[in-house]
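As you go down the protein sequences, you meet chains A, B and C in turn. Sequence positions in the first sequence follow this note's numbering and run 1 to 177. Sequence positions in the second sequence follow this note's numbering and run 178 to 277. Sequence positions in the third sequence follow this note's numbering and run 278 to 986.
Simulated crosslink set (EDC-like; lysine to aspartate or glutamate; CA at most 16 Å straight-line): (1) C:402 to C:456; (2) C:470 to C:456; (3) B:180 to A:4; (4) C:986 to A:105; (5) A:113 to B:182.
Worth flagging that the hints you see were computed from the coordinates, not collected in a lab.
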Amino acid sequence: MTIDLLLFLTLALVAVATALGMVTSKNTVYSALFLVLNFATVAVFYILLGAPFIAMSQITVYAGAIMVLFLFVIMLLGTERLNSANILPWQRPLAIILAVILTVEAGYLLIFKSNPTAMVNAPDASINTIGSLQSLGMALFTDYLLPFEATSILLLVAMVGAIILSKQDKNEKGGAK
Amino acid sequence: MVKVDYYIILSAILFITGALGVLVRRNPLIIFMSVELMLNAANLAFVAFANMHNNLDGQIFVFFVMTVAAAEVAVGLALIVQIFKAKHSINVDDINSLKG
Amino acid sequence: MHLTEVVNNGFLFLAPWLVFAPLVGLLINSIFGHKFSERGVGAVASLASGAAFVVSILLAYSVSINHGEVLRWKLAEWMHIGNLSLDWTFRVDSLSATMMLVVSGVGTLIHIYAIGYMHEDVRFKHEENRFRRFFIFLNLFIASMMILVSGDSYMMLFVGWEGVGLCSFLLIGFWFEMDTLARPSWANSDAAKKAFITNRVGDFGFLIAGFLMFWHLGSFQFDAVFENATHAEPWVIVLITLFMLIGVAGKSAQIPLYIWLPDAMAGPTPVSALIHAATMVTAGVYLVTRSAPLYSLVPQAQYIVAMTGAATALFAATIAVGQYDIKKVLAYSTISQLGFMVAAVGMGAYVAGMFHLITHAFFKALLFLSAGSVILGLERGHHHAEHARHAEEPKGKHKKAEHHDEHHEVFDPGDMRNMGGLRKTMPVTFWLYMIGTLALAGIFPFAGFWSKDEILLDASLHFTSIYWQLTIAAFFTAFYMGRQIWMVFFGEARHEAAAHAEESPKVMTLPLVALAVLSVAGGALNLPFEGYHNLGHWLGYTLGEVEGLPLNLQVAGISTALALSAIFISWLIYGRKPLKIGQPDPLKKPLGFIFTGMENKWFVDEGYFALIISPFKKLSQFLADVIDWKFWHDFVHDTIIFGTYNWVSSIALNDYADQKGIDAFANGLGTWTQNFSTAMRKIQNGFVRSYALSVLFGVVFILGYLLLK
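Just need the whole structure built from these sequences, with the hints factored in.
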């Protein structure tokens with residue numbers, strides 16, 4: 001039992017626990033907070049896997065921006081709890097059965113068909129040096145330049161879409177008066 | 178030493194948990210969060226494989242997935258707000274007008 | 278373009294601009310032309326044609342610095358199918374360069390002339406908006422002709438061949454809704470159709486020759502065809518050359534397909550000069566010259582070509598004697614001169630044929646354009662006379678209009694019987710016409726003398742019968758030209774329009790002066806003296822060196838004496854006692870039915886009508902009435918198919934079968950579909966979560982399948 005295995009197991013335990021907590025929690029705010037914690041642990045995994053830039057993006061974009069947006073909406077709508085009859089009674093058992101089957105399948109795949117010798121490279125291995133960020137930027141702006149630019153257009157479209165959707169209709173406003 | 182397999186197993190567990198959340202919960206916000214969890218699980222697998230193959234492409238893919246997820250959340254939350262304004266409810270089971 | 282390439286190949290890279298320059302001109306005129314003035318349109322078209330001329334000069338220069346080596350410029354791939362590979366390749370050698378120079382040079386002069394001519398023509402015919410269209414067609418013609426002469430394969434030549442045929446059709450029918458006297462009628466469009474259809478007969482021959490070439494010689498490229506032809510069986514070459522002769526007869530107006538050319542005079546005069554005298558009709562001569570290696574393999578075919586040419590030369594010359602229309606005389610003269618050329622190339626005297634082609638382009642263009650000037654001069658005179666009369670009798674408007682119409686009915690500005698005495702009113706045109714006439718008649722030292730003499734000399738050495746036919750044709754040529762000169766320019770005016778005729782503007786006469794200079798000096802291209810066979814030497818690069826023949830005083834003497842005596846005889850008949858108003862032709866009485874034959878073109882058109890057109894019409898009528906209508910429509914369709922169907926349906930498809938069988942089946946199908954879809958639509962229940970469940974189910978299922986496979 002080495003120290004990094006211990007670290008991994010601890011963090012994995014936290015990650016699974018927070019994920020389950022997010023899914024099962026009755027209060028939406030708790031769910032959101034559980035998810036923030038889950039994202040944080042995953043960010044630590046990224047660092048362990050030698051991807052510091054992704055880890056930082058995970059914290060700033062996911063745990064920071066996106067989850068704050070979630071919390072805003074939750075509080076804006078004031079729907080922390082939902083109380084209404086479950087009109088799809090067979091949905092839950094069916095979903096659980098399917099999830100169990102998927103787990104079994106995944107386990108079978110990972111145990112019997114995986115490569116048993118692959119080890120995680122230490123964070124100081126060749127690509128994990130500080131040059132990694134440099135080479136990531138290099139790859140983004142050379143080989144992946146077209147997808148990168150396409151992403152910028154996607155973000156612009158999403159922004160315009162969000163503004164259009166949340167813009168108040170003028171007629172509606174007049175009617176309210 | 179930590180095997181790459183462990184990360185993949187963790188990724189699978191997180192993914193299935195997220196899928197379960199999507200299917201079981203009726204609050205669209207939680208469904209959304211579960212989707213984010215699934216994306217995150219996939220990202221973890223990407224980074225783990227990138228590490229295993231000593232290759233940057235996986236990380237770059239994660240970068241793109243994050244960008245797309247951000248766009249998706251922005252539009253999705255705007256939609257939820259609009260639906261709440263129209264229906265005064267955000268229970269996904271109440272939103273079933275589009276049926277055969 | 279690298280400097281070394283210019284040094285080695287000259288201006289070869291300009292070759293595609295032979296075609297592109299006129300195309301650019303026509304595009305500019307068709308897109309922006311409506312904003313230009315008439316002079317602007319004419320200038321654009323003339324510059325486009327002039328650019329092609331400049332390119333031709335540079336290409337000829339390139340050939341000369343390469344000592345006659347064949348230069349090729351591949352523009353694009355055309356078709357590569359199996360072993361056949363055909364490209365858009367421009368071939369620049371001394372032969373094609375010569376043709377390019379003639380086409381673009383004469384073409385440019387005619388473009389300039391046409392600015393003046395069409396300016397008045399469109400006004401006399403009250404269709405001023407058609408001015409631009411004319412120049413667009415002219416440029417299209419130059420472009421097609423350039424494709425024809427610069428192609429490196431029979432296929433590319435054929436593309437140009439069809440292109441010029443199309444332009445010819447469009448320009449003959451330029452005034453398609455009237456006849457030559459501007460009366461509403463379909464005569465001009467009929468003339469255009471006649472030209473097109475007759476050419477189609479010729480093109481069919483060319484196509485067959487092409488197919489034979491493809492099957493037996495395996496290529497269309499000139500050099501490859503000539504190379505393979507040396508190993509082919511002789512009968513194949515005979516067939517190819519004879520079918521090609523049909524094409525030549527169509528395009529170059531030889532017996533038996535010459536009938537379209539006189540009618541083609543329905544087009545505006547610049548068209549007659551450019552297309553139907555100087556360039557397009559010589560395409561056949563060019564084709565035979567280009568195919569010289571094929572023809573030289575089969576002397577029998579050569580003999581047939583030469584005989585066709587000689588017979589046409591004589592036959593058309595006799596018809597020209599009996600014509601009254603100034604342009605018709607020239608048209609038959611063109612056919613006759615084309616006969617000279619075809620006879621020459623048929624005898625293997627390619628240089629002589631090409632020489633005559635060039636000089637003929639000069640002096641026949643000159644004659645036609647001068648004739649156009651005469652016709653317009655008469656139109657102007659006619660309008661002046663009209664105005665003068667209207668001023669004299671200022672009566673009711675209605676009567677005036679009536680008078681006007683009636684007058685239009687009878688006045689023909691192209692009829693030589695309406696002319697006379699024009700040398701006083703149109704002196705410049707008169708002198709130009711004289712030069713053209715002397716050149717055509719073959720009087721020393723005009724261009725026609727040298728070129729015609731070379732043909733006669735060749736004929737006298739090899740084929741006596743052809744020599745005599747051509748010599749007699751030359752006699753007739755001088756005679757009908759003399760007759761024309763006396764009738765048009767001498768004597769007294771036989772119509773008030775001729776009395777009031779006016780000289781043409783400079784834009785028309787200046788190109789004519791240039792052509793006149795060429796008609797005088799053109800003979801210098803190939804003088805029959807040692808060291809002066811310039812054209813022979815130049816074409817020798819392509820056709821193989823031939824020894825230039827020295828001047829034969831006997832042949833030259835006979836032809837000159839005949840020509841002079843013919844002119845003298847024509848003076849005796851037409852010049853000494855000029856024709857009076859309404860007097861019949863003085864030849865009519867002494868020659869009797871022979872002159873009637875000449876006057877009526879030996880009834881060839883009527884013969885064609887009786888032999889081909891009316892049986893064809895009857896056959897079509899029979900096919901339409903009896904076979905199509907009575908047999909197919911009435912019997913097969915109405916009786917057999919319709920009747921049988923009715924009978925079958927009355928038995929097999931009665932009400933019972935319809936309702937219990939067909940309806941039940943169709944309704945059952947509908948009901949089943951309805952029930953099935955009612956069941957199926959329950960799946961789409963509107964709950965997004967159950968859709969997600971289905972997706973997960975799919976994932977689980979497919980993953981399971983992949984694992985267990």
